[in-house]
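Asker: All chains, full assembly: derive it from the sequences and hints.
There are 4 protein chains.
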Amino acid sequence: MKKTRLEAFSDGVIAIIITIMVLEIKVPHGQELADLLHLLPIFLSYVLSFIYLGIYWNNHHHMLHVTTHVTGGILWANLHLLFWLSLIPFATGWIGEHHFAPLPMAVYGVVLLMSAIAYYLLQSLIIKNEGSDSLLAKAVGKDWKGKLSPVFYLLAIAAAWLNTWVSEGLYIFVALMWLIPDRRIEDVVKEAEEE
Amino acid sequence: MKKTRLEAFSDGVIAIIITIMVLEIKVPHGQELADLLHLLPIFLSYVLSFIYLGIYWNNHHHMLHVTTHVTGGILWANLHLLFWLSLIPFATGWIGEHHFAPLPMAVYGVVLLMSAIAYYLLQSLIIKNEGSDSLLAKAVGKDWKGKLSPVFYLLAIAAAWLNTWVSEGLYIFVALMWLIPDRRIEDVVKEAEEE
Amino acid sequence: MKKTRLEAFSDGVIAIIITIMVLEIKVPHGQELADLLHLLPIFLSYVLSFIYLGIYWNNHHHMLHVTTHVTGGILWANLHLLFWLSLIPFATGWIGEHHFAPLPMAVYGVVLLMSAIAYYLLQSLIIKNEGSDSLLAKAVGKDWKGKLSPVFYLLAIAAAWLNTWVSEGLYIFVALMWLIPDRRIEDVVKEAEEE
Amino acid sequence: MKKTRLEAFSDGVIAIIITIMVLEIKVPHGQELADLLHLLPIFLSYVLSFIYLGIYWNNHHHMLHVTTHVTGGILWANLHLLFWLSLIPFATGWIGEHHFAPLPMAVYGVVLLMSAIAYYLLQSLIIKNEGSDSLLAKAVGKDWKGKLSPVFYLLAIAAAWLNTWVSEGLYIFVALMWLIPDRRIEDVVKEAEEE
Chain H
437 MKKTRLEAFS DGVIAIIITI MVLEIKVPHG QELADLLHLL PIFLSYVLSF
487 IYLGIYWNNH HHMLHVTTHV TGGILWANLH LLFWLSLIPF ATGWIGEHHF
537 APLPMAVYGV VLLMSAIAYY LLQSLIIKNE GSDSLLAKAV GKDWKGKLSP
587 VFYLLAIAAA WLNTWVSEGL YIFVALMWLI PDRRIEDVVK EAEEE
Chain Y
437 MKKTRLEAFS DGVIAIIITI MVLEIKVPHG QELADLLHLL PIFLSYVLSF
487 IYLGIYWNNH HHMLHVTTHV TGGILWANLH LLFWLSLIPF ATGWIGEHHF
537 APLPMAVYGV VLLMSAIAYY LLQSLIIKNE GSDSLLAKAV GKDWKGKLSP
587 VFYLLAIAAA WLNTWVSEGL YIFVALMWLI PDRRIEDVVK EAEEE
Chain U
437 MKKTRLEAFS DGVIAIIITI MVLEIKVPHG QELADLLHLL PIFLSYVLSF
487 IYLGIYWNNH HHMLHVTTHV TGGILWANLH LLFWLSLIPF ATGWIGEHHF
537 APLPMAVYGV VLLMSAIAYY LLQSLIIKNE GSDSLLAKAV GKDWKGKLSP
587 VFYLLAIAAA WLNTWVSEGL YIFVALMWLI PDRRIEDVVK EAEEE
Chain S
437 MKKTRLEAFS DGVIAIIITI MVLEIKVPHG QELADLLHLL PIFLSYVLSF
487 IYLGIYWNNH HHMLHVTTHV TGGILWANLH LLFWLSLIPF ATGWIGEHHF
537 APLPMAVYGV VLLMSAIAYY LLQSLIIKNE GSDSLLAKAV GKDWKGKLSP
587 VFYLLAIAAA WLNTWVSEGL YIFVALMWLI PDRRIEDVVK EAEEE
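Chains as they are written, first to last, in our numbering: chain H, 437 to 631; chain Y, 437 to 631; chain U, 437 to 631; chain S, 437 to 631.
Everything labelled a hint here was simulated from the structure, so no lab data went into it.
The structure presented is a predicted model; accordingly, all values stated were derived computationally and were not measured.
Keep in mind that a hint or two might mislead.
Copies of the same chain look alike in the list, so a pair counts if it works inside one copy or between any two.
As the list claims (entries may be wrong) - Quick list of in silico lysine to any residue cross-link-like pairs, SDA-like style, CA-CA up to 20 Å:
no. : residue 1 : residue 2
1   : Lys574    : Gly508
2   : Lys583    : Ala611
3   : Lys462    : Val546
4   : Lys581    : Gly508
5   : Lys438    : Val506
6   : Lys574    : Asn494
7   : Lys462    : His534
8   : Lys439    : Asn494
9   : Lys462    : Pro477
10  : Lys462    : Ile478
11  : Lys462    : His535
12  : Lys564    : Val543
13  : Lys462    : Pro538
14  : Lys438    : Ile491
15  : Lys439    : Thr504
16  : Lys564    : Ile491
17  : Lys438    : Gly509
18  : Lys462    : Leu539
19  : Lys462    : Ala542
20  : Lys581    : Ala554
21  : Lys462    : Trp520
22  : Lys574    : Leu612
23  : Lys581    : Ile608
24  : Lys439    : Asn495
25  : Lys439    : His501
26  : Lys578    : Tyr556
27  : Lys564    : Leu590
28  : Lys581    : Val546
29  : Lys462    : Phe519
30  : Lys581    : Trp512
Answerer: In structure tokens:
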């Protein structure tokens with residue numbers, strides 16, 4: 437029961453965050469190709485953030501699928517994650533409008549970094565609660581993606597003052613790393629069902 | 437379980453997209469009839485896009501009703517569909533503000549075209565997963581509407597540079613084609629229940 | 437199953453409509469009492485529309501509670517209702533900004549009138565589908581409120597050109613009429629459960 | 437059944453309110469650190485309001501978890517609570533833009549005060565309906581937090597004209613008071629399950 441409402445609320449917030457970003461793509465006053473091309477960096481940053489939020493929704497979905505019990509602490513860890521995710525539209529709008537200037541680029545990285553930490557905290561709390569023999573603990577395993585991502589974000593934040601293209605490349609790289617099908621949870625669930 | 441959350445998230449995103457469009461109908465500064473009439477093209481493009489999003493929600497609803505299993509790939513194909521649908525408010529706002537100029541009119545078509553392709557990909561993935569004997573495969577059948585729509589969108593995109601009224605007419609025609617009750621899935625479900 | 441998703445989607449849309457209206461109450465540039473008082477008409481029109489949307493959500497909730505079957509036609513009648521409700525924030529913003537000028541006041545009435553008609557169509561379709569012996573048919577009964585409301589809206593639209601306070605009074609009166617607890621559906625459900 | 441939809445609608449509205457606030461953090465036109473620092477008060481007021489809404493969602497979640505029956509009156513008491521919560525983004529935006537001026541600071545307190553009263557009304561109505569032996573009545577107990585909060589809000593509203601930092605401190609204090617894990621409902625539920 438409790439889990440259902442946690443999922444519903446998270447779905448609602450993520451759905452709104454993902455859709456609010458599109459409001460940043462303002463309808464141009466002109467009607468020429470130049471007006472459209474002018475929006476290209478805003479559009480591309482929207483695509484990247486959409487993918488990041490999609491990854492979070494996907495992972496959140498899988499994680500809660502194998503969660504059996506929800507505590508008050510988990511509710512707050514989840515709200516903490518949603519807080520950082522809610523700043524993604526702001527950071528996205530800023531990098532979109534400033535053609536990838538250093539500070540906006542670094543702030544984007546900080547928001548991604550804090551979101552990753554918040555996700556890690558939420559995951560750790562659920563695993564602690566479920567026990568080390570739980571489906572989730574097995575599925576997450578060594579979680580090298582979860583541990584590598586913050587390192588790349590830190591690199592990207594530092595790189596923003598040297599070359600914003602390096603930061604940009606790192607953000608895209610991390611997104612691709614997560615996009616590669618990650619069947620850990622699906623596999624563990626399947627195994628558990630077959631036993 | 438998994439399906440429920442996919443539906444809830446899609447419902448959330450489509451509900452927000454459909455409602456965000458109305459923000460484009462800005463409250464006029466005047467209070468005369470002329471101020472209201474000035475909003476007419478924006479209003480009409482809102483009506484058209486509302487109907488398109490209604491069609492997508494309806495079809496999505498029916499498709500998932502007969503879907504029995506959801507995979508990670510289906511989650512992403514669904515997010516891909518939601519991405520293109522999320523651009524509809526932008527395209528709608530643009531054609532509304534520019535009284536049906538060629539480029540906005542074509543961009544509107546491109547967004548509809550990409551949404552149709554994304555829906556087709558999602559549908560194909562689910563059918564592949566469910567098997568060719570599945571309820572969904574039978575219900576979709578030859579799917580001539582799904583195959584004809586992209587052709588009309590392409591025609592409308594090309595026609596935008598010749599005569600935007602032709603494009604407009606084609607977009608309305610495709611919407612009407614889908615509005616005509618399509619009882620395929622309902623019928624197949626009824627048959628299956630009666631057997 | 438189908439009904440659940442119809443309810444979830446309607447809840448989503450109404451929740452967004454009700455909350456989007458608050459965006460019309462723009463944060464004032466000043467920080468004095470005069471800046472706040474300046475927002476009073478916008479605030480009052482927000483209160484009225486919030487109550488109207490609350491009434492619609494409440495009635496929609498009760499109606500679907502006793503609905504047993506959902507058809508494709510009902511899905512579209514429901515979308516039609518949501519379309520008119522989605523125009524309430526626009527009409528609310530307009531009357532709020534123009535201190536109750538005739539045209540905005542009449543347009544507000546037109547939106548309420550069309551919403552009432554759309555609700556009536558949806559209700560009739562569900563009753564036709566459920567049968568005249570159904571719980572819903574008994575609960576709705578003669579539906580004098582549903583039949584009186586459009587008459588008052590028409591009067592209010594006409595009165596807008598004579599005296600906008602009369603229109604305003606009529607809109608408030610209709611809202612109060614619906615606010616008075618309407619236990620029809622609750623009573624019929626209780627009776628049915630006791631039998 | 438009824439409860440599910442009440443929860444879903446409340447979740448939707450609170451999710452939108454919490455996310456709409458972030459729209460107030462406007463993307464800066466510049467790209468320097470000064471542009472970001474300029475947003476600091478807006479960001480901090482966003483954090484505070486996010487926590488307040490999180491507390492409301494959490495408490496609402498726990499309260500409805502032990503609610504067994506929903507009446508028409510409860511639906512309206514819930515809408516009344518959502519109404520006051522929907523004004524939080526406005527009040528938040530105002531204190532954020534005016535670096536904590538007296539009137540905005542007091543208005544923020546009034547919105548919190550009315551929300552607290554609305555929550556208390558909703559809770560009382562549910563308890564009255566569930567009976568004094570109900571799980572909820574036991575869990576809420578003397579409800580000293582619920583009774584102290586309005587007193588602090590009143591103090592903060594008065595203090596706004598003397599020293600806005602005192603008001604600010606009081607708002608933060610009340611939030612912290614609620615953030616301290618409140619296991620009343622969780623404990624009572626656990627006891628009830630163990631019996």
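Asker: Each hint needs a verdict: does it hold in this structure or not?
Answerer: How the hints compare with the structure:
1. Lys574 to Gly508: So Lys574 and Gly508 pass the 20 Å test across copies only (18 Å; inside, 24 Å).
2. Lys583 to Ala611: Intra 14 Å, inter 33 Å, cutoff 20 Å: intra-copy only.
3. Lys462 to Val546: Result: close only across copies, 18 Å inter versus 25 Å intra.
4. Lys581 to Gly508: Classified as between; 17 Å across copies, 27 Å inside a copy.
5. Lys438 to Val506: both (7 Å within a copy, 18 Å between copies)
6. Lys574 to Asn494: within (18 Å within a copy, 29 Å between copies)
7. Lys462 to His534: both (15 Å within a copy, 14 Å between copies)
8. Lys439 to Asn494: Result: close both inside a copy and across copies, 16 Å intra and 13 Å inter.
9. Lys462 to Pro477: Answer is both; intra-copy 12 Å and inter-copy 18 Å each pass.
10. Lys462 to Ile478: both (9 Å within a copy, 15 Å between copies)
11. Lys462 to His535: Classified as both: same-chain Cα gap 16 Å, cross-chain 17 Å, threshold 20 Å.
12. Lys564 to Val543: Close neither inside one copy (31 Å) nor across copies (42 Å); limit 20 Å.
13. Lys462 to Pro538: between (23 Å within a copy, 19 Å between copies)
14. Lys438 to Ile491: between (24 Å within a copy, 16 Å between copies)
15. Lys439 to Thr504: Result: close both inside a copy and across copies, 8 Å intra and 18 Å inter.
16. Lys564 to Ile491: neither (23 Å within a copy, 23 Å between copies)
17. Lys438 to Gly509: within (13 Å within a copy, 24 Å between copies)
18. Lys462 to Leu539: between (22 Å within a copy, 16 Å between copies)
19. Lys462 to Ala542: For Lys462 and Ala542, the Cα distance is within 20 Å only across copies (18 Å; inside one copy 24 Å).
20. Lys581 to Ala554: Classified as within: same-chain Cα gap 15 Å, cross-chain 28 Å, threshold 20 Å.
21. Lys462 to Trp520: between (24 Å within a copy, 16 Å between copies)
22. Lys574 to Leu612: Close neither inside one copy (23 Å) nor across copies (36 Å); limit 20 Å.
23. Lys581 to Ile608: within (14 Å within a copy, 37 Å between copies)
24. Lys439 to Asn495: Cα proximity of Lys439 and Asn495: in one copy and across copies (15 Å, 15 Å).
25. Lys439 to His501: Classified as both: same-chain Cα gap 9 Å, cross-chain 11 Å, threshold 20 Å.
26. Lys578 to Tyr556: Within one copy only: 12 Å inside, 37 Å across.
27. Lys564 to Leu590: Intra 27 Å, inter 41 Å, cutoff 20 Å: neither.
28. Lys581 to Val546: Classified as within; 18 Å inside a copy, 36 Å across copies.
29. Lys462 to Phe519: Classified as between: cross-chain Cα gap 17 Å, same-chain 24 Å, threshold 20 Å.
30. Lys581 to Trp512: For Lys581 and Trp512, the Cα distance is within 20 Å only across copies (19 Å; inside one copy 24 Å).
Of the hints listed earlier, those the structure fails to meet are numbers 12, 16, 22, 27, in rising order.
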